[in-house]
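Make a model of the complete structure from these sequences and hints.
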Amino acid sequence: MIKARVTVTLKNGVLDPQGKAIEGALTGLGFNGLEGVRQGKVFDLEINGDNKTAAGKDIEAMCEKLLANTVIEDYSIEIL
Amino acid sequence: MKTAVLQLPGLNRDRDMLAALTLISGQAPQTVWQTETSIDDDVDLIVIPGGFSYGDYLRSGAIAARMPVIKAVIEKAKKGTRVIGVCNGFQILVETGILPGALMRNASLKFVCRQVKLEVATTQSAFTEGYSKGQVIDCPVAHHDGNYFADPETLADLKDQDRIAFRYAEGTNPNGSIDDIAGILSENRNVLGMMPHPENLIEAAHGGDDGRRLFEGALNLISA
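Respectively, the protein sequence lines represent chains A and B. Here the first sequence is numbered in this note's numbering, starting from 361 and rising by one per residue. Here the second sequence is numbered in this note's numbering, starting from 94 and rising by one per residue.
Because the hints were derived from the structure by calculation, they are not lab data. One should not assume that every hint holds.
[What the hints assert, rightly or not] With a straight-line Cα cutoff of 25 angstroms, these simulated DSS-like cross-link-like pairs (lysine-lysine) come out:
id, chain 1, residue 1, chain 2, residue 2
1, B, K164, A, K425
2, A, K363, A, K425
3, A, K425, B, K171
Pasting the structure below:
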């Protein structure tokens with residue numbers, strides 16, 4: 361079993377109103393000095409087999425086809 | 094002209110769309126369920142209505158865009174069949190890539206449900222030829238993810254190719270959409286995606302009929 365984690369984040373330059381709202385709430389809680397908050401998504405995947413190279417390629421295809429919208433999002437893959 | 098309305102789990106504006114198309118075209122549209130892998134050859138207009146397909150999981154329209162029936166829609170669209178995607182239908186079309194850009198969470202973070210003013214930005218399409226350029230029409234919106242985004246190159250292409258169909262009229266942008274974009278056309282101009290709901294403003298009982306011309310144009314019911 362291969363475990364992997366995909367992290368999807370908004371590209372630089374894409375406005376993130378949810379991140380802004382979270383930043384505002386954190387500041388309201390008294391956490392000062394925040395330079396910015398960007399919200400993203402994390403997917404934990406479990407894949408049969410032990411071929412990490414093949415799994416990595418599969419996961420990249422998953423990101424391109426569904427997990428990330430590459431118009432507005434970047435992704436990174438971590439094989440755990 | 095024969096019309097078809099797509100039905101997917103979570104889409105809930107299909108009945109409004111069926112009623113509108115029946116009233117305007119004089120015949121009931123065909124309904125097409127998500128598991129269909131083809132759409133009849135003689136269908137001239139396919140409509141993807143609004144709602145919350147697959148609960149808006151992952152991203153609005155993302156899961157629906159990968160269903161077999163959408164592949165069939167895209168194939169037909171590329172061959173010239175007219176397609177309208179309204180609201181979630183627009184979100185689905187941008188997720189397929191046939192329309193560029195993306196629809197993000199409203200800048201206000203709030204669901205907006207109200208009437209806005211739209212400016213007709215081009216008359217160079219079947220959907221907008223019944224209006225005049227610059228005409229301001231009423232249209233309701235009801236969405237949470239209508240904040241249209243496109244990178245600078247894509248936006249320049251849309252402008253250069255006259256593919257912005259509707260803009261929110263000055264001061265009425267409900268979602269923070271870039272360049273006030275409310276609806277855009279595909280490269281071959283036969284696919285329209287828009288966040289507002291023209292099907293909800295087509296007869297006196299709705300309080301106006303500004304949306305009607307859009308469907309009349311799409312159905313070739315406008316005499317020159």
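For this session: Taking the numbered hints from earlier one at a time, note which ones the structure violates and give those numbers from smallest to largest.
Result: Going through the list in order, the structure violates no hint and respects every one.
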